[in-house]
Amino acid sequence: MLEEILVSVRSNPHIDPVMSVWGWEISVYLFLGGLAAGIMFFSALMLLLNKDDEAPFSVNGLALLGPVVLSLGMTTLFLDLSHKLFVWRFYTTFEPTSPMSYGAWILILFYPVGILQILSTLRKGYPYVANLVNDIPPVAGLLDLVERYQRLIAWLAIPIAVALGIYTGILLSAFSARPFWNTGLLGPLFLVSGLSTGAALTALIARQHSERRLLTRIDAGLIVVELLVVALLLINLTTGSKPQLDAAAMLMGGSYTGWFWVVFVALGLLVPLALEYFEIRGSASSILMLAPVLVLVGGYVLRVIAVDLGQETTWINYQNEFNTQLLDRLH
Amino acid sequence: MAHYAMVIDTKLCIGCCDCVVACKTENKVPEGLNRDWVVEATQGTYPNLKTEFRSERCNHCSHATCVYMCPTGASHHWNGTNIVLVDPNKCTGCKACIAACPYDARLIMHPGGYIDKCTFCHHRVEKGLDPACVSTCPTHCMHFGLLDDPSSNVSELLRTREHKVLAPETGNEPNVYYLI
Amino acid sequence: MGAGAVVSPLLLGGCSAHPLPGEGKVSRTPTYCDMCFWKCAAFVEQENGQAWKVTGNDTDLHSEGRLCTRGTGGLGSYEDRDRLKKPLLRVTGADGRQTFREVSWEEALDFVAKRLQSIAADYGPDRTALLNHGSGANHFKHLMRAYGSGSNAEPAFAQCRGPRDVGFELTFGEGLGSPERTDMEHSRCIVLIGSHIGENLHNGQVQTLAAAMRRDATLITVDPRFSVPAGKSKYWLPIEPGTDIALLLAWMHVLIDENLYDKDYIERYATGFDQLAEHVARYSPEWVYLETGIEPRLIRTTAREMAASAPATLVHPGRHTVWYGDDTQRSRAIAILNALLGSWGHKGGLYIKESVQLPKYPLPDYPKPKTTFRTAHGDRYPFANEGVSNALIEASIGPDAHYKGWLVYGTNLPMTIPGIRPQLKAAMDSLELVVVVDTMPMEITGYADVVLPECTYLERYDDLRNAGERHPSLALRMPAFEPRFDSKPGWWIAKQLGQRLGLDKYFPWEDYAEVIDWQLKQVGSSLEEMKKTGIKNFPRTRPRYFSPGQAVHFYTPSGKIELYSQQLADKGFDPMPEYTRPEQPPEGFYRLNYGRMPAHTFGKTTNNPLLFQLAPENTLWVNPLVANEKGLTNGEYVRLANPDGIVSNRIRVRVTERIRPDSVFMAHGFGHRSRRLHLTHEVGADDSELMTNVKVDPLMGGTGMRGNFVTIVKETV
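Protein chains in written order, with the working numbering: chain A, 1 to 331; chain B, 332 to 511; chain C, 512 to 1228.
Please keep in mind that the hints were generated in silico from the structure rather than gathered at the bench.
Warning: the hint list may mix true and false statements.
The calculated EDC-like cross-link candidates involving lysine to aspartate or glutamate, where the alpha carbons are at most 16 Å apart (straight line), are [unchecked claim]:
1) K342(B) x D727(C)
2) K381(B) x E3(A)
3) K359(B) x E590(C)
4) K871(C) x D1028(C)
5) K342(B) x E710(C)
6) K458(B) x E534(C)
7) K359(B) x E556(C)
8) K381(B) x E4(A)
9) K881(C) x D633(C)
10) K84(A) x E487(B)
11) K745(C) x E383(B)
12) K242(A) x D418(B)
13) K359(B) x D1028(C)
Derived DEER-like restraints, expressed as beta-carbon distance ranges [as the list claims (entries may be wrong)]:
14) V262(A) x N379(B): 44 to 50 Å
15) R1092(C) x H494(B): 42 to 48 Å
16) T882(C) x E4(A): 56 to 62 Å
17) N379(B) x Q561(C): 49 to 55 Å
18) Y91(A) x E1040(C): 55 to 61 Å
19) H1192(C) x H471(B): 33 to 39 Å
20) V262(A) x K359(B): 47 to 53 Å
21) L79(A) x Q561(C): 31 to 37 Å
22) H471(B) x T1052(C): 26 to 32 Å
Each residue gets a CB set at the ideal place from its N, CA and C atoms; glycine is no exception.
Extracted from the complex, chain A is given alone in its bound form (with noise of 0.2 Å):
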């Protein structure tokens, strides 16, 4: 038997016993910026594949929604920092090995592009928007300039929709601390799972049957391709070092099993799987809302599991010998 304990009380607050540094507000920035990403990347898609017609939403009013979303996710972002004064420190410098660094760049990219994509498409998704504004001279010039140049616009916002979803998993697996972070395959499932959230929100809002269509048929994909994904992490997980299959102990038998497994995998992907292939062969257009609503759901679930469960993750672990909460006296 190997008892290991600290002898001199260690209560560091959210630290320990856990370590929980992070809460909602990271989960809920890693869901928005991934929905962001997936906003960006099908506004630019359906653009650059002519998709006016069959989805006129997508091409010319979802941009709009991509800085909003991503502005929601930056405000949690900054309700977690604990020296909030000093925010502006990640732009005075670039760290070329900090992800969050690269992170913060790519944010800043996020708002120019997003604002050029809304621009290019204000007068065909938002005439009553544009209309009030064509009178001021120079906005009248600047839109006709933003048009002209619409699809290099949207060419520029694929690579960096992609950048951000590939970021917000990056971040996590950047930690070779926290095991169940570590490994490269969180950047592809928050990818996948970012689109997807994107492809949903946008099915959730078009009115016209065919878009809503295509995004069915294009979601579907996605989580077909997001359960491949997960299901190499369990591999990845479950053959790994110790303190990965202690990760694994926690989804396949643990404190986070019932929300990976019931939740996650089957609420928020076998489930709106099923409703959509349904929808597809036409079968059940009356549940049409459930299936993006629970995608988003379990997109959001996929984030707390993987910011919470990480965290708990860790190489080393003491138990103290003395009751912590003793010293709630001091105060």
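Take the given structure of chain A and dock chains B and C to it, following the hints.
Just chains B and C, lined up with the frame of chain A:
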């Protein structure tokens, strides 16, 4: 580059935790927070037993994942040494370094919100003194010095005694060594 | 400008917000520590007028510049917000309820002096006793002797080191002193029998033991529990509890049987060897194995190891030695074993101590007290050369009690003496005056008529430290801070009481610093010098060890080391230690084993905020087999009950292989009941209240505490 190491003799350590109090007072660590701690590891079944005491802290890794992960350069290797410090004026409190540390050796400063950790008492090292924990240890089980000086006590101890580091498989190249 | 001044440090990285420690204005004041009785010399450092840290004085022999955990945490005692703040006077309200009222020093001191005067008038000043502990007690010993009392007792004798000191005095004519005269830094072989150096953090002991370990000395630890030093030892002998004397006799048996003892030393210095040889002949390792569970081969091997390193072999005398009621004899056995190895007076064994010949401040002689603590002993405890606390307490109960008043200084009697609470209550009801001087609202203050708040050691002068050591030295304690709240130094309290009792001539100083300065000037130093150095070391005037063949006079009746003690025989006791089989726990009960943790000096420090953060509670060690049987898990809280129905406070379970299945273990000093100790109140269990089966040592009154049994009661919450 000056390569500092701490060498702790688990055969001598009695787990008295003096190092923990010395750190708290020297560095004015706020109530309830700890930059160092003591672990007792017992193996075997009565009466065939073995106990090891370890005073633990930031390992001031040569391959410091916390430094690599920091998005602002707040976590850095001090003056080209392996001593890992946090500059509170660059720290956003994003906590990437906390997640990046396989030893859970970092903490959130309270109040303040920036990230805090063991500094190897670099303010004392600069003056040619040992870190506070080392200088108070009543069993003299803790040693501090330069690994790139072959005549230093830490180099000598690592040459002549069996030793280990914590979780070497993380690849962080920690610089707190335990004589076993 | 205004806005810029605010914004710029915030946004542009104003480094001024994060200064490094020690960058400000640093000042330091010398002291010697009062966190335990080791009295290590230290410096109190302040930065920009704020308390910063306490560190060891490099020139000090007690600490070698390194304080222990508690010493380093000394500031916590100064900062403790629960400290006694104002004098308290017990008052009875209209509803009959007794409470404490905060009063002025004037009122409190007048009250005490008036009661002391009336006790002196009605019964005599000798009928007031002082119960005390700690270095600040000297001021009150002085007061009491000037007043005319000859009765003083410290639990440190009958509840701690008494049997050891008496055992060694009976054998060598001298005790061990504090710090002990152990020469471990030079030992080649050290035997710890029931001593837990490392769990107790007696600084010099820990440092010299560590020095021996660094030099690869052979360490032999005898302990039923896998203690910290057991884990460091070449030989760990997991002995059956209570059978130490059998093992010690077996070791003597082997040394004599195999001719391994120091013949020249014994012939030259000792008396009674033939009787001893005959006495231990029947304690063969084979016979002793059945009692101790230690294999004969191991007994022989360890005896040979001891002999191989002798005389640089130390069989450590320990300190807390009140266990089974035959403890003076057990310490005698340790002393005799050391004699056989020739370690007393030899390098690596027990050295000759030397202190400074420090003149006393010139004062008139004390009056001769009519009675002393021996009156309380009656015809019991013939070898108690100090007051036995229990005896003094017993002599304070009832209308005809000998004692009518108590002054209690720095000792928390309810948690110090086993199972004493009912007697304390009875004494409190009988006594006409109970005065408690303390820094903290310990339980004992609840028994007081008057509570006088003393300031901590960091805020006062006390006597110079002048302990016998490897060489003579003096250490200064001076105030680093102004006393917080309305607390006062002990010397001031004693002087104020002295003046009110008409004893002015015994207190001719305005400030105790004058006494210290006068004394220092007699030995070629001064207060001014000591305020800088804190320590003054002096050369030895006589050798530290015996020289070869030196004639030595021991302070025993025979002038020799008494292996056979005629003194004991004359009083009807065993002249040589005999082994008695210990009581076994009843079915379903476990032996209550208690000890120390390095972060605390018993209950004295458990409320210290710095140390509380380190180790806020004690845990109950139980073997995994017991945990399995009882369905206990790590971290759950249980209570302990003894056969007399006493139930302890809640204590957290620690399942560990380091304890035998027939015993449980906890650190002493927890389970405080005083609500005014807000950190440690009701935290952990108090072993001493479970000790209702006390075996008193008939030689000197020590209260044997190890024969207590408990059962584990699961919490139903």
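Y91(A) and E1040(C), beta-carbon distance inside 55 to 61 Å? holds, 60 Å
Does D1028(C) sit within 16 Å of K871(C), going by the straight-line distance between their CA atoms? Measuring from Cα to Cα gives roughly 12 Å; hence the hint holds.
Holds or violated: K342(B) and E710(C), Cα atoms, limit 16 Å. Within the cut-off at roughly 15 Å; holds.
Go ahead and decide if the range 31 to 37 Å is satisfied by the Cβ distance of L79(A) to Q561(C). The hinted range 31 to 37 Å holds for L79(A) and Q561(C), with Cβ atoms some 34 Å apart.
Under the criterion that the straight-line Cα-Cα distance not exceed 16 Å, is the pair K458(B), E534(C) satisfied? holds, 12 Å
For the pair we were handed, K242(A) and D418(B), check the Cα-Cα distance against 16 Å. Cα-Cα ~34 Å, so violated.
Between the alpha carbons of K359(B) and E590(C), is the straight-line distance 16 Å or under? Holds: K359(B) and E590(C) sit about 14 Å apart, inside 16 Å.
Below or equal to 16 Å on CA atoms is what counts here, so check K881(C) against D633(C). Distance of about 14 Å is within 16 Å: holds.
Is the Cα-Cα distance between K342(B) and D727(C) 16 Å or less? holds, 11 Å
Cβ separation of V262(A) and N379(B), checked against the hinted range 44 to 50 Å: holds, 46 Å
For the pair supplied as a hint, K381(B) and E4(A), is the alpha-carbon distance within the 16 Å limit? holds, 12 Å
Hinted pair, alpha-carbon criterion (16 Å max): K359(B), E556(C). Please report holds or violated. With a Cα-Cα distance of about 13 Å, the restraint between K359(B) and E556(C) holds, given a limit of 16 Å.
In terms of the numbered hints stated before, the structure departs from hints 10, 12 and 13, listed from lowest to highest.
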